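Residues per chain, in single letters:
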Amino acid sequence: MLESLMFIIMSLIIIACAIGVVFQKNPIYSAVFLIQTMVSLAVLYVLLHAQFVAAVQVMVYAGAIMVIFVFVIMLLNLNKDDLEGDRNKLPMQKPAAIILGLMLVVMIGVIMTRTIYQGAQGEYTPEVMDQIGNTQLVGKMLFTKYVLPFEIASILLFAAIVGAIVLAKKQIIKEEK
Amino acid sequence: MVVPLTWYLVLSGILFSIGAVGVLINRNALVIFMSIELMLNAVNLAFVTFSRQQNSMDGQIFVFFIMTVAAAEAVVGLAIIIALFRNKATVNVDDINIMKW
Chain R
1 MLESLMFIIM SLIIIACAIG VVFQKNPIYS AVFLIQTMVS LAVLYVLLHA QFVAAVQVMV
61 YAGAIMVIFV FVIMLLNLNK DDLEGDRNKL PMQKPAAIIL GLMLVVMIGV IMTRTIYQGA
121 QGEYTPEVMD QIGNTQLVGK MLFTKYVLPF EIASILLFAA IVGAIVLAKK QIIKEEK
Chain B
1 MVVPLTWYLV LSGILFSIGA VGVLINRNAL VIFMSIELML NAVNLAFVTF SRQQNSMDGQ
61 IFVFFIMTVA AAEAVVGLAI IIALFRNKAT VNVDDINIMK W
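Chains as they are written, first to last, in my numbering: chain R, 1 to 177; chain B, 1 to 101.
Fair warning: there could be bad hints in the mix.
Claimed, not checked - Here are the simulated lysine to aspartate or glutamate pairs, EDC-like style, with alpha carbons at most 20 Å apart: (1) R/Lys-25 / B/Asp-94; (2) R/Lys-94 / B/Asp-95; (3) R/Lys-140 / R/Asp-130; (4) R/Lys-94 / B/Asp-94; (5) R/Lys-169 / B/Glu-73; (6) R/Lys-140 / R/Glu-123; (7) R/Lys-145 / B/Asp-58; (8) R/Lys-140 / B/Asp-58; (9) R/Lys-25 / B/Asp-95; (10) R/Lys-145 / R/Glu-123; (11) R/Lys-140 / R/Glu-127; (12) R/Lys-169 / R/Glu-151.
By construction, these hints were calculated from the structure, which means they are not laboratory data. Treat the numbers as computed from the prediction; the structure is a model and nothing was measured.
Just chain R, same shape as in the assembly (with noise of 0.2 Å):
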């Protein structure tokens, strides 16, 4: 019961707050609205018996990644004219798209509640998960089975970071007018 309840509560803040980062004029409302989104859902995360992501979900997403798009909103100092941007060179789009995200809604809607999913079921049920620990299985998992993506994973960061840097740094070719 409590966990309906809360369920429903946090999915009410979730669509509000994805809604209000779409639909704001000023990006840093976006921004704040955005980290509401993944808080909340780190919540959705527990509830789901995945504490491990819950807690990334937090720590990297509410965190690292939202700062830097504030700090890159701050950084930027839009003037008005950009946040206004009403020069609508497309006047259809807006309702076109708000059509097109009902419709998108309505098939994922079918799609999710009319297919049966069988598959075979895994050893990791939440009652051995609570006994050995989400995150303990989560290192183990990432250290065997998965350790080849694991280094994967860190060349892409590499490479992230490198191409952050090159594209960012001071131009010295000056662009001809």
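The hints should help you fit chain B onto chain R, whose structure is shown.
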């Protein structure tokens, strides 16, 4: 009473659709990036739900990797936005069309 896992999947679908609409209607490159993060979060929720449904850990490991990719994508994307802003002094995607034929 336990929440049916289908509800989580439907919530994930709604979240993904809101993100997709955000990509379509926004003109600010930063908000478009945030909408992409919303869609990635929706997929993460679906992964964790399936992982719980199958009593398996693999979905949660996938979420871990998706977060890695999302972090890399956000960093490189924001670097591109900074570089563009330095050249054109705008983040409106209608004005950034130098690669359009």
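Hints, verified against the model:
1. Distance check on the hinted pair: R/Lys-25 and B/Asp-94 sit about 16 Å apart at the alpha-carbon level, within 20 Å; holds.
2. About 18 Å separates the Cα atoms of R/Lys-94 and B/Asp-95, which keeps this hinted pair within 20 Å; it holds.
3. With a C-alpha separation of about 15 Å, the suggested pairing of R/Lys-140 with R/Asp-130 holds against the 20 Å cut-off.
4. Simply put, R/Lys-94 and B/Asp-94 have alpha-carbon atoms about 15 Å apart, close enough for the 20 Å limit, and the pair holds.
5. For the proposed pair R/Lys-169 and B/Glu-73, the alpha carbon gap of about 18 Å is at most 20 Å, so the pair holds.
6. Straight-line distance between C-alpha atoms of R/Lys-140 and R/Glu-123 comes to about 14 Å, which keeps the hinted pair within the 20 Å bound.
7. Restraint check for R/Lys-145 and B/Asp-58: satisfied, since their Cα atoms lie roughly 10 Å apart, inside the 20 Å limit.
8. Our distance criterion of 20 Å between C-alpha atoms is met by R/Lys-140 and B/Asp-58, whose separation comes to about 12 Å.
9. Pair hint R/Lys-25 plus B/Asp-95 holds up; C-alpha atoms about 18 Å apart against a cutoff of 20 Å.
10. Of the pairs offered as hints, the one joining R/Lys-145 and R/Glu-123 holds, with about 15 Å between alpha carbons and a cut-off of 20 Å not exceeded.
11. Taken as a hint, the R/Lys-140 and R/Glu-127 pair is honoured in the structure, with Cα atoms around 18 Å apart against an allowance of 20 Å.
12. Distance restraint check for R/Lys-169 and R/Glu-151: the Cα-Cα separation of roughly 27 Å exceeds the 20 Å cut-off, and the hinted pair is therefore not satisfied.
Hint compliance for this structure: hint 12 is the single one not met.
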